[in-house]
Structures are given as structure tokens and as C-alpha cells.
Amino acid sequence: MKHVKVYEEWLQNKYIDERTKEELLSIRNNAKEIEDRFYKHLEFGTAGLRGKLGAGTNRMNIYSISKVTQGIADFIKEQGKDYMDKGVAIAFDVRHFSREFAKTAALVLTANGITVYLFDDIRPTPELSFAIRELNAAAGINITASHNPRDYNGYKVYWEDGAQVLDSIAGPMTEKINKVQGFEDVKTIGEKDALSKGLLNIIGKEIDDKYIEKVKSLSIRDNIDKNIKIVYTPLNGTGNLPVRRVLKERGFTNIIVVPEQENPDPDFTTVGYPNPEDTKAFKYSEALGRKVDAELLIATDPDCDRLAIEIRDKNGKYVPFNGNQTGVILIKYLVEGMHANGTLPKNAAIVKSIVTGDLGRVVASEYGVTTFESLTGFKNICGRISEFESSGEYEFIFGYEESIGYTTGTFVRDKDGVSSSMLLCEAAAYYKSIGETLIDVLNEVYAKYGYYKEKQISLVLEGVEGKERIDRMMKSYRTSYPMQIGDINLAKSIDFLNGYEDIPPSNVLKFYLNDGSWYAVRPSGTEPKIKIYLYTKAATPEKAEANLSIMESTIITKLNSTR
1 MKHVKVYEEW
11 LQNKYIDERT
21 KEELLSIRNN
31 AKEIEDRFYK
41 HLEFGTAGLR
51 GKLGAGTNRM
61 NIYSISKVTQ
71 GIADFIKEQG
81 KDYMDKGVAI
91 AFDVRHFSRE
101 FAKTAALVLT
111 ANGITVYLFD
121 DIRPTPELSF
131 AIRELNAAAG
141 INITASHNPR
151 DYNGYKVYWE
161 DGAQVLDSIA
171 GPMTEKINKV
181 QGFEDVKTIG
191 EKDALSKGLL
201 NIIGKEIDDK
211 YIEKVKSLSI
221 RDNIDKNIKI
231 VYTPLNGTGN
241 LPVRRVLKER
251 GFTNIIVVPE
261 QENPDPDFTT
271 VGYPNPEDTK
281 AFKYSEALGR
291 KVDAELLIAT
301 DPDCDRLAIE
311 IRDKNGKYVP
321 FNGNQTGVIL
331 IKYLVEGMHA
341 NGTLPKNAAI
351 VKSIVTGDLG
361 RVVASEYGVT
371 TFESLTGFKN
381 ICGRISEFES
391 SGEYEFIFGY
401 EESIGYTTGT
411 FVRDKDGVSS
421 SMLLCEAAAY
431 YKSIGETLID
441 VLNEVYAKYG
451 YYKEKQISLV
461 LEGVEGKERI
471 DRMMKSYRTS
481 YPMQIGDINL
491 AKSIDFLNGY
501 EDIPPSNVLK
511 FYLNDGSWYA
521 VRPSGTEPKI
531 KIYLYTKAAT
541 PEKAEANLSI
551 MESTIITKLN
561 STR
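In my numbering, the protein residues as written are 1 to 563.
Note that these hints are calculated values from the structure, not bench results.
Worth double-checking, as some hints may not be accurate.
[Claimed, not checked] Distance ranges between label pairs, derived from CB positions:
#, residue 1, residue 2, range
1, 339, 185, 50 to 60 angstroms
2, 190, 475, 44 to 54 angstroms
3, 179, 480, 35 to 45 angstroms
4, 248, 183, 45 to 55 angstroms
5, 540, 457, 44 to 54 angstroms
6, 248, 185, 45 to 55 angstroms
7, 82, 458, 35 to 45 angstroms
8, 190, 248, 11 to 21 angstroms
9, 505, 78, 17 to 27 angstroms
10, 78, 497, 27 to 37 angstroms
Computed from a prediction, not measured in an experiment: that's the story for all the values here.
Even glycine gets a Cβ: it sits at the ideal position worked out from N, Cα and C.
Turn these sequences into a full structure, and let the hints steer you where they fit.
This is how it looks when you write it as C-alpha cells:
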């Protein structure tokens with residue numbers, strides 16, 4: 001079997017260190033583990049390279065990092081000396097081996113004569129995007145697994161516009177990566193040599209200061225209640241310093257940080273799965289919130305590109321908002337505030353993913369703001385910015401997706417948990433100053449536009465068998481899907497496999513019902529999951545919720561019938 005052969009080759013390879021070989025020898029009698037580690041190479045998905053830590057071709061380690069980086073170096077060299085000199089900015093998060101992986105990538109690039117700008121310590125993902133543009137770099141690399149469990153890490157690749165690489169770049173870049181056959185093809189250099197040659201440059205505070213100033217420039221209102229009491233958790237990630245700094249410099253006086261989750265912890269001891277989209281991540285925040293009587297709880301994920309919130313209701317209970325709801329609040333605050341200030345462009349545009357809800361579109365349209373759609377992932381959402389800039393027809397003001405990712409303005413071309421935290425706190429403080437909570441604001445939106453309900457479900461199917469079953473599910477659902485859900489008929493179906501209108505090809509199915517509800521099905525690009533996105537709209541919240549339940553039951557039953 002091929003995977004066994006590759007396993008043995010690693011054991012015999014002189015480039016593999018003894019510690020790694022010991023790890024591989026420890027699984028010699030575990031055929032299933034050997035297969036899972038070696039049946040494929042890690043592949044680029046919606047957020048680059050991501051996988052479990054460990055030895056093997058299907059794992060994140062210095063060897064997979066080295067080979068991928070050599071392929072990227074070959075691609076950059078092919079673009080010419082100017083791109084080599086412009087260089088690559090590299091950041092990393094708090095995870096196990098993130099610093100080592102970042103340094104490994106830096107030394108492979110510099111060995112190839114490519115300039116590198118390496119951050120001196122952990123930084124949030126959006127700052128890496130900002131640094132690429134600020135330094136006029138050709139590309140960027142971010143070592144992070146975002147909100148995945150502690151045994152994961154990842155490798156995101158960005159291009160000169162500050163956004164993650166689109167298929168037009170990722171395709172030929174992947175071809176170069178695939179041509180790096182053995183570890184002997186990987187170039188490397190010592191750190192001292194890289195520094196002495198001026199190829200390796202360490203960056204830090206100077207970029208921090210410029211980034212924070214740009215974030216603060218997004219502020220909409222200053223006459224707000226900055227004494228609003230807010231509990232913040234960075235979930236032991238990179239957000240602690242930049243989020244606290246920007247809120248302090250904006251004048252917020254009542255920010256309390258969860259002490260157990262304040263400092264970096266690659267094991268995420270207090271939370272396990274550090275995804276603030278999961279309300280269990282708010283356990284410590286809620287306890288502290290009750291203790292200090294906080295009105296708002298905010299959380300950023302470990303690389304601080306996502307933001308989740310909970311709001312205290314009139315009974316003292318903390319109510320979580322999902323990504324669609326938070327997006328609507330940010331859109332309403334941003335668009336209404338810019339309109340009031342006279343700063344809303346006449347050709348303003350918002351971009352959302354095809355699996356994000358439509359309520360934000362409805363709110364924005366009241367002020368003449370056009371909403372566009374893209375494929376999932378901020379490389380696609382922010383990829384629209386360059387299109388707008390080239391045509392001059394629209395001006396990008398906001399991008400978001402249901403998975404608690406948001407960005408405002410154009411100086412960051414990725415999700416930005418720092419600027420989103422500032423604007424969300426500013427919105428809460430503004431509405432407090434006029435006697436409302438964010439719950440009040442959301443309910444007013446529902447009362448005006450209709451009751452929108454949503455739910456996202458993930459069926460986790462790990463390993464070789466899981467991947468094969470996910471493939472079977474998508475293939476089966478493509479040709480055999482419900483024509484009716486409850487008493488609601490299917491109105492339209494879209495298969496994005498070959499693209500649709502101005503949306504590029506992707507393995508996504510989307511179904512519209514004749515009452516305005518819709519749902520989508522797609523496999524995750526970075527995790528062993530098949531994802532289902534459910535959306536209903538009705539005249540009452542009870543009806544919307546009932547329709548959601550029927551939709552969930554029907555679709556899950558149909559998917560699970562595929563074995």
C-alpha cells in the first residue's frame with residue numbers, strides 16, 4: 001500500500017530527525033494511524049493549509065512547512081527579482097510550534113534569496129494582512145489554526161493585496177509545491193546568516209502602532225457611553241494586547257478581562273475548543289460578567305480574526321448572538337452612522353458569503369448600499385475589493401460571514417477581530433446612550449423586516465472513511481434532494497460546482513424555498529465536516545423557529561441515509 005511505503009521512506013530518510021523517527025516508530029503497529037498520517041498530503045482549503053500536529057505527510061510539522069514554503073519560494077522567484085525583494089511578511093499565533101514553523105518558513109524563503117519580515121512575537125491575523133500592504137510585500141504567511149482544537153496548526157498564504165490567495169494564485173502556487181519532491185529539494189540557511197545578509201528583518205512595535213491608528217480611524221461616533229461595562233476574553237490567544245489597547249485608546253473605561261484566559265496558552269486549558277462561536281467558550285466570561293454586573297461580553301478566537309458576543313437581557317441572563325445577528329448589528333450601526341455623518345459613499349458596497357443570511361442586505365439597502373456575494377472565506381470576500389477598486393463602480397465598506405467574521409474598510413483584507421471588537425463596543429455604547437441594548441436593537445430590526453432565524457449544523461466525519469462518506473453525501477444530494485420541506489415547496493436549486501453567475505466554481509449546493517427560506521450544503525475546506533446552513537423567514541418568531549426545526553429534520557435525515 002502506498003501510505004505504508006511513504007511511512008517507511010520517512011523512517012529511512014536522512015533529512016528526518018531522530019525525534020520524529022521515534023514518534024513514527026511508536027505507531028509501527030497501528031495500521032490505521034499510519035494510514036491516516038500518510039494516505040495524502042495536506043492540501044490548501046478555504047483558509048490555506050491546516051491539520052493535526054505530528055509526523056507524516058497528512059500532519060503539520062517542520063517538514064510539511066519546509067516543502068510547502070519551498071514551493072511558494074519557487075513561485076515568488078518565478079515572478080521576478082522585484083517580488084523577491086518586496087519579500088514576505090510572516091506572523092504566528094500562540095499554538096504549539098507556531099514560532100518554530102514561522103522561523104522554518106522564514107529561513108527557507110531567505111535561503112532562496114527572498115526578503116522576509118518576521119514578527120518578533122505573536123500577532124493577530126488581521127495585523128499580518130495590514131503589514132503586507134504597509135510594507136509593500138509580495139506575500140504573507142500566517143502560522144495559525146484559528147479556532148481549531150489545540151492539536152491543530154495551520155499555514156495561511158496571502159498575496160500582495162493583503163488577502164489570502166485566490167485560486168488564480170493558489171493554483172500555480174500549488175503546482176510549484178507539488179514539484180518539490182523530496183526534502184533534499186528544500187533550501188535553508190542559518191538564522192545568523194539570514195540576518196547578516198539583510199534578508200531576515202524582525203518587525204514589531206512600528207507595525208503595531210500604525211495598525212492601531214488605522215483601526216481607530218474606523219470609529220463612527222464619539223459621543224457615546226464609554227463607561228459601559230464590558231467583559232473581554234481573548235481565549236488565551238493573540239487578541240489580548242491589541243483589543244485592550246484600542247479600547248483603552250478609544251476611551252472605554254470599564255473593560256474587564258477574564259484572568260484565566262488573558263495570557264497565551266497553546267493548550268487552551270480553560271476552554272478546550274477555543275471557538276467563541278460555541279457558547280461553551282463563554283463559561284468564564286459569564287461567571288465574571290455576573291460578578292461585575294457586565295452589560296456586554298465579547299470574545300475573540302486565538303488568532304483574533306473572529307468576534308463573538310453575548311448581551312445581558314432585562315432578567316440578567318446573557319444572550320448569545322450568532323454571526324448573522326452580530327453582522328446585522330454592525331451593518332446597522334455602520335451604515336446609519338456613516339449616513340448621519342455624511343461619510344457614507346454613494347456607491348457603498350457590502351460583501352457577504354453565499355451561506356450568510358440576507359437580513360444584513362435588507363438593512364443596508366435602506367440606505368442605498370449594495371450587497372454582493374462571494375464564496376465562503378475572506379479570501380473571496382476581500383477579493384472583491386480589488387475588483388471594486390479596478391472598476392471604480394463600488395466602494396467596499398464592510399464584509400462578513402455567518403461564522404463570526406467581519407471586516408471594515410480596506411486596510412485589512414481579512415477578518416478582523418480587533419476592529420470588529422472596537423466597533424461592536426462602540427455600537428453597544430451608542431445604543432446604551434439612547435436607552436437601548438443590542439437585544440432591543442435586534443428585536444426592532446426583526447419587527448420591521450420580518451423574523452429571520454438561522455442554524456448551522458456540522459456533521460463531523462474524520463479519517464479516510466469520513467472523507468469518502470462526505471464525498472458520497474455530496475454526490476448523492478446533488479441528484480436526490482427534497483422537493484418539499486414540510487408544506488413548503490422547493491422554488492429553486494443552485495449547484496455551484498461549475499460556478500454560477502459571477503461566483504466561481506465550488507462544491508456547494510443551495511436551495512431556495514417558496515416562502516423566502518433557504519439552505520445550503522457544503523463540505524468544509526479545512527476540517528473533516530459536512531456543513532448545513534439553514535435560514536427561515538416568517539411573520540412571527542415562533543413560525544420561523546418551527547420551520548427551522550422541520551428543515552433540519554428533513555435535511556439531516558436525507559444526508560444520513562447516504563452510507
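Evaluate the given range 27 to 37 angstroms for the C-beta pair formed by residue 78 and residue 497. About 30 angstroms separates the Cβ atoms of residue 78 and residue 497, which means 27 to 37 angstroms holds.
C-beta pair residue 248, residue 183: status relative to the range 45 to 55 angstroms that was hinted: Distance hint for residue 248, residue 183 holds at roughly 47 angstroms.
Whether the CB-CB distance between residue 190 and residue 475 falls inside 44 to 54 angstroms: Cβ of residue 190 to Cβ of residue 475: about 50 angstroms, so the range 44 to 54 angstroms holds.
Would you say the C-beta atoms of residue 540 and residue 457 sit inside 44 to 54 angstroms of each other? Hint violated: Cβ distance 23 angstroms, outside 44 to 54 angstroms.
Using the C-beta atoms of residue 339 and residue 185, is the stated range 50 to 60 angstroms upheld? Between residue 339 and residue 185, where Cβ atoms are some 56 angstroms apart, the hint holds.
Range first: 11 to 21 angstroms. Now tell me if the beta carbons of residue 190 and residue 248 are that far apart. With Cβ atoms ~40 angstroms apart, the hint is violated.
Does the Cβ distance between residue 179 and residue 480 fall inside 35 to 45 angstroms? holds (40 angstroms)
Just to be sure I understand the hint, the distance between the Cβ atoms of residue 505 and residue 78 should be within 17 to 27 angstroms; is that true here? holds (25 angstroms)
Could one say that the CB atoms of residue 248 and residue 185 fall in the range 45 to 55 angstroms? holds (49 angstroms)
Residue 82 and residue 458, beta-carbon distance inside 35 to 45 angstroms? holds (43 angstroms)
Hints 5 and 8 from the earlier list are contradicted by this structure; the remaining hints agree with it.
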